[in-house]
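Undergrad: Take a look at the letters that make up each chain.
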Amino acid sequence: MNRSGRLRRDLALRRVSKVALWVNPFIVYLFLWIPIVVLVVFSFNDGASVSVWNGFTTVWYENIINNSITAGSESARFQTGLLLLAVRNSLIVAGVATLLSTIIGTMLALALARGRFFGRKTLDALFYLPVVIPDITQGVALAVFFNLAFDAVQRLIGVRLVPGFATIIIAHIAFNISYVMIVVRARLATMDPSLEEAGRDLGANYQQTFWRITFPILLPGVLAGSLLAFTLSLDDFVITFFNAGVGTTTLPLFVYGMLKQRVPPEINAISTLMIAASIVLIGLSLLLQRRGANS
Amino acid sequence: MARVGTTPGDKRRAFGLVGPATFWLIAFFLLPLVFVAVASFMSRGSGGAPVMPVTLDQYSRTFTVFGPVIWRSLQVAAITTAISLLLGYPLAFFISRRRDPRVRLLLLFLVLLPFWTNFLVRTYALITIMQRDGLLNSLLERLGFIVEPLQMLFTSGAVIIGLVYGYLPFMVLPIYASVERLDMRYVEAANDLGANDVRAFWKVILPLTLPGVIAGCILVFIPAIGAFVTPDLMGGTRGLMIGNLIQSQFGGRGNIPLGSAISMVLLVVVFIGVLIYTRWGQEEQS
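Protein chains in written order, with my numbering: chain X, 6 to 300; chain V, 358 to 643.
Note that these hints are calculated values from the structure, not bench results.
Treat the hints with care, since some could be wrong.
[Stated by the list, open to error] With the C-beta cut set under 8 Å, the calculated list includes, among others, these residues of chain X facing chain V:
| id | residue |
| --- | --- |
| 1 | Val149 |
| 2 | Phe150 |
| 3 | Val260 |
C-beta atoms are modelled at their ideal positions from N, C-alpha and C, and glycine is treated no differently.
Could you put together the complete structure from these sequences and hints?
TA: What follows is the structure, encoded as structure tokens:
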């Protein structure tokens, strides 16, 4: 092939790849967004169908508010109560787990980033395990562990403990610590150490340096870490599934139950509300990060 | 505390700081995993509980009875990873080549936002599209491509689509980070020296962004191989994966030693992935 032929071919190639580079993102965005948009749109559909549009209604949302999911069926009617209970349970679990894992995880981040002690590198690596090990393994391992521990307690004092809030919260803290540590450490890495040194040189002791200098600078990272922990905790299904007890159904467990048994038409509305809630959460975390970047 | 660990007081402080986290990690993460490892070498007692004697039976059963499911899980995870790469790489490249940083941020945000909504809700959204009387079937029918609704759910294919949908951002983000760091002058140099775009891609762009590609592949493969929700809701009996096997052994009529052995096999696969990630999936810090 002569030179101009090759050039023409290469230019054609460039045009093709340019087009492909526009088509691919277009398809991927459609793939990512169509299911969600359809879900939200059909949550306002008059009728239970998820493929045929019968007109606009807010009846499904009203049903949730009026405590009467799917009128006519007695078993369904008390589901709004169960839904609200599940939301409450989720908030309790996520709230407590987030508070504790933020404190423990921030302490850990400080020690791993600044400390020079024996076994630091090993410890550092070990704390990445909860991030990589499949949640199903973590879930069943903890369930087996709690079962054995409860057996031991029963033999010792004759009381049978049962899984519930405590087991779910313990499990959530176990994976959240690592995520908080990672986020807080990223913030620590960008921090100028001379600020702390200046504080020390000017006569501040350890506590004063920490609370007056380190902590205020670290705060956006701590808040971002706690928001991530809160989201992960609210979202977790698998680990909770294996460690929940009677009466401690969280929101994901409730949704799973609905999907597995009988799908009420209100589920689109419930899902839409959950999507809206997560958008609010992301908005908050972005706002915090922007604040952090400015300070 | 410019230098924690320089004085005895600082050393104690560092131990106080790692103490609670280390306790939690050992008591509620490592110890349970050790129990699972031990249980995997034991026999099944009443109610599925692990009892003596020590045996390798659970492992031989894992590979004989459940070998096909494990093999298929590996295939499903591998195909999921490959599709995510084919969809994710051009997308990450496209995003990182936008000039306006606000556009880049918006495009990344549009990838991440679905990712932040509850996994079950996202899976359900996909199910409504793909089910028998779902939008996709009614669309295909109206366009005349099919006369009868297709059975799309409860197949391995459905599981793969669900997993790609769930984990695609894990592919896009590390590749985006790699491509953004790529110095485009190398590509221009390759073009100037006579390489066309295909050649420049294979010889320059891909090798330089390979750490991001490997990181993305491992970050998709690991959750995909350990998936439970997606095969459970979208796979039916034909789309069963390792996660479903494990779950069924820890239920009412289960076999905890057997479930533990299957979990250990899953862990070994994951650790191989982690090793690849730490060896080849991270860029040199410069």
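Undergrad: The structure should be examined with respect to each hint, and the outcome stated for every one.
TA: Checked hints:
no. : hint   : verdict
1   : Val149 : holds, 6 Å
2   : Phe150 : holds, 4 Å
3   : Val260 : holds, 5 Å
Violated hints for the displayed structure: none, as all numbered hints are satisfied.
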